[in-house]
Structure formats: structure tokens, C-alpha cells
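Residue 66 in the numbering used here is what sits at position 54 of the sequence shown, and the numbering runs on without skipping anything.
Everything labelled a hint here was simulated from the structure, so no lab data went into it.
Quick caveat: nothing in here was measured; it's all calculated off a predicted structure.
Take the hints with a grain of salt, since some may be wrong.
[Unchecked claim] Quick list of in silico lysine-lysine cross-link-like pairs, DSS-like style, CA-CA up to 30 Å: (1) K29 - K88; (2) K57 - K112; (3) K88 - K112; (4) K84 - K112; (5) K156 - K57; (6) K177 - K88; (7) K27 - K112; (8) K112 - K177; (9) K29 - K146; (10) K79 - K57; (11) K179 - K88; (12) K79 - K27; (13) K112 - K19; (14) K112 - K29; (15) K84 - K179; (16) K65 - K27; (17) K19 - K177; (18) K96 - K84.
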Amino acid sequence: MKRVAWKEGDLVSLKLKDDLYTFAQMLRSPYMRFFDLSCIDGNWKEIDFAQSKEIFCVLVGQIVLQKLVVEKIRGKSIQPYFQKYWIRPRLNFEGGFPFKGGDLVEVDPNIGYVHAPIVQEDLSVIRDLEIIQKYELVNMWGAKDLSERLVNYFETGRNNNDPFKEKLFGIIF
């Protein structure tokens, strides 16, 4: 695999397994958008990316560029879009897992999520399940977990494979 430098707005090809590739758009580092489009060989020449539906946008670690990204996709573009609402985990002082539940926050990509204003505090599975399912956590994704989530999506059509979110809220999606 080639070394790929992060450049906001660029599209990249990711190899998930031998016969499954997808593409993503690099936003402001470390945010990356993933789309409902795959192929078996990583050949994107005849693809109209503008018609692609976003699956999700998450924060990714440098390891994703090293392990999954095969190359930049040249000569293609998509209008960048940054999701402004995210779920920030709440610290758990009761012992055990260090986080429990979360707050819906409005993130400015220029500032980050640490000091993001809270839109809705202390999300509840009973009261806020739709919000919990709709928005992503501000946690960083590594190559293995991200690859498993994307493979699961392309094999089942379901975008609900987030073990950290399940542990955080104590439910299985």
C-alpha cells in the first residue's frame, strides 16, 4: 500500500478484504466520511461519486491510513459535508467501564468536541434511542474495528455495528 497524506476533501480507496473495496472522503483531520458504494477490485474510473449516499462519518486514527487506505482517487470529488451533531461519552465515576452514557453535542471541526456545547444532556436509551442510533460517537476508530463495521454493512446492509456504543449505553442494536 502507498503512503497517503491527509488532505481535506480528497477521496481515498480502502481495501476491506480481497474482493471488497469502498471509498471515503477525508474531512478535517481526523474526520472521515464513508459511503454506500463498494466494488471488487478498487477500480473507481467509471463511478459517479456524486450520487453516493453517506453511511457514516467518524474520527479515524492514523492506522486507518496505514492499514486500509490503498490510494487516493484522482480526478473525482464530492462536496464535503460535516455532521455537526455527535455523541460525547460521559465519564463513569462508579467504577468498571470508564464511560457510561453520553451527551449530544454540537461540534465545530475547527475547535473539536472536547469543549463543544451540549445540545441534549445525559441521553437515555428509553427516551433518546433514535438520537443514540442516528448520531456517531466522538471516539477514534482503528483499522480493525472500522473494517469490521464496513464489511458488516456491505454484507448485511445494516449500519449498526458499534461495540463501543453498545457498551456505553448498555444495549445491543
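Violated hints - listed by number, lowest first = The structure conflicts with hints 2, 3, 4, 6, 7, 11, 13, 14 and 15, although it agrees with all the remaining ones.
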